[in-house]
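The lines below spell out each chain.
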Amino acid sequence: MSAPILETRGLTKRFGGVPAVDGVDFKLGEGELRCLIGPNGAGKSTFFKMITGQLAPTAGTVLFRGADVTGEERHRLARHGIGIKTQVPSLFDGLDVRESLHLAARRFHGASDARRIVDAILAETHLDAVAGRKVGELAHGQRQWVELGMVLAREPLLLLLDEPTAGMTPDETRRTAALIARLRQRRAMIVVEHDMHFVRMIAEAVTVFHQGRILMEAPIGEVLRDARVREVYLGAHKDRHA
Amino acid sequence: MKRAADRIGIAAIAILGLGALIGVPHVVELFTLVDVAVYCILAILALSLAFVWGFGGILSFGQSAFFGLGGYAYALAVINMGESTVPILLGAIVPMLFAALLGYFMIYGRISDVYLAVITLTVSLIFYHLINSTAGPEYAIGRARLGGHNGIPGLPPINIPGNAAAQLDYAGTFRLSLGALLLVYFGLRALIASRFGRALVAIRENELRAELLGYDSRRYKLIAFVIGGGIAGFAGVLFASWGSFIGPGVFGIAFAAQIIIWILVGGLGTLAGAVLGTVLIQYLTTWLGQSKSVAALIGLAKIDTSLVLGAVLILFVLLVPSGVIPTLRKLWLGRRGASA
Ligand SMILES: Nc1ncnc2c1ncn2[C@@H]1O[C@H](COP(=O)(O)OP(=O)(O)O)[C@@H](O)[C@H]1O
Ligand SMILES: [Mg+2]
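Chains A and B are the protein sequences, given in the same order. Going left to right, the first sequence walks through residues 1 to 242 as the numbering used here numbers them. Going left to right, the second sequence walks through residues 1001 to 1340 as the numbering used here numbers them.
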């Protein structure tokens, strides 16, 4: 693996004493795509939130391109080049699609570059037809793409996608997989995903979270065969109402 | 289509404004001119809050504090200097500095919207009590006595910069007030359309998303708050010179609440609404205050204006919840949409 773009050491978040993420040592190589899987409540979103400054870690460090960025503010981490599509869509509902993308692009690019980037993203995400529509009026799948588009418009070095296909139709999911496949040529990515078909479409390497810890890290084929992983998922189903 | 409607609106406002600037002093009576001048001044104050609240998402319930601070800074300076140019600048700069200080603690402290409203109002009320307790002769800055609850009377009118003797007459005051209103209105429009303004609106829409995209929301909000404070202070300057007087009433809760009402009636999130709301409510207040016939008509000796204003606000919130301008805009676009 090349020099890590992202590394966490002993990263921990406790809510009222209960650990949601518990001493995670994680490395992501430059240009690598990793899928993060694990049952609900495993701590995946919390892990992302600490990397993007939405939550301050209880303990541990976050290194981005070798520099300690632990606990830095959200906009600073964004400026370093970390972009996130959050699990709960986070959008500018009152703005139209084009302006949303433009705001994202314009933050770090000149006016004409920003326009070019926005046009490219509108085409890539199939949002041309709704460019003038208010984001709040769009269907769920399109909203997911607007958020993805905004994150891309910034051209981040590291892209975190938290369940990007949630609520998408199978067709939309396929197109998202294709989009991610194209994107990975340009940047490092971590994708949280439940759909194993989807994971198989986009990734080779998978990290499995369980109860705030890394259960295993391996190629997708190996993970799917692993007895512990199966038990974790099945167990999660049994425990759902506990 | 919406853009076209907007453009027609802007052009209409610009033409009407310029026409009024030139023509009105020739055709209306003196006391009307004086009345309209104060409507313009109060509308500038309303615009400051329309911007801070409607576009910056900051509910500054005590926007009157900056207005009063501007008025007092102007009054104290102009009495000491005898010439109005520097005092006018001070009347905008002092509130801006104060807004920067207050805003820094509130916005960088990430206090919630409701607390921000409470704190700004409290600050205004603190000024009210502070000023009220300065009636004694020992409370003076240079030659200017603060005057406590009596306020500071006898302020000279604004003069042509550099020439203290060339004071504005009523027509001049009217032109200055309307001109300033137009300037502030179009200035804020340009600001909202600028990169800064679009980012500010995005932050109002979703602060988390804006920050995750790299926007330092607190910086944007603080700048907006300071600009709003400066505009409110400038309105305070015009108000003090218009009436040759400034008193602690501008820091009181009734006045603070009135600004909120102007905006709600006109429509939050629009600039034109703030102006319209101010003029409507102020006109209504004046008319009710003067008209004995209306009182007689509904069997009262005297109308309690604040009671009527309260009733008007409740009616508005129930019948036109989004305010006059947004409702009109929706009707206009709906009609055009149907024909297109
Ligand atoms: N803000 C919070 N306050 C308290 N507990 C939380 C908070 N956010 C997450 N948790 C808890 O932390 C654990 C991990 O949650 P999360 O990171 O959302 O898991 P995942 O994304 O893997 O489904 C869960 O048990 C969840 O209930
Ligand atoms: Mg999650």
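Honestly, the hints are just simulated from the structure, not real lab data. Think of the CB as a built atom: it goes at the ideal place given N, C-alpha and C, for glycine as much as any other residue. Be a bit skeptical, because a hint or two may be false.
Not everything, but these chain A residues come out facing chain B in the computed CB check (under 10 Å) [said to hold, decoys possible]:
| hint | residue |
| --- | --- |
| 1 | 54 |
| 2 | 73 |
| 3 | 83 |
| 4 | 87 |
| 5 | 143 |
| 6 | 222 |
| 7 | 225 |
Verification of the hints:
1. Hint status for residue 54 (chain A) relative to chain B: holds, with the closest Cβ pair at about 7 Å, below 10 Å.
2. Proximity of residue 73 (chain A) to chain B holds as hinted, the smallest CB-CB distance being about 8 Å (cut-off 10 Å).
3. Interface restraint check for residue 83 (chain A): the shortest CB-CB distance to chain B comes to about 7 Å, inside 10 Å, so the restraint holds.
4. Here the hint on residue 87 (chain A) is broken, as its CB sits about 13 Å from the closest CB of chain B, past 10 Å.
5. Annotation: residue 143 (chain A) was flagged as interfacial toward chain B, and the flag is violated, the nearest CB pair being 12 Å apart, outside 10 Å.
6. The interface hint given for residue 222 (chain A) is broken, as the beta carbon of that residue sits about 34 Å from the closest beta carbon of chain B, more than 10 Å.
7. Residue-level restraint check for residue 225 (chain A) is violated (minimum Cβ-Cβ distance to chain B is 37 Å; threshold 10 Å).
When held up to the earlier numbered hints, the structure conflicts with 4, 5, 6, 7 and fits the remainder.
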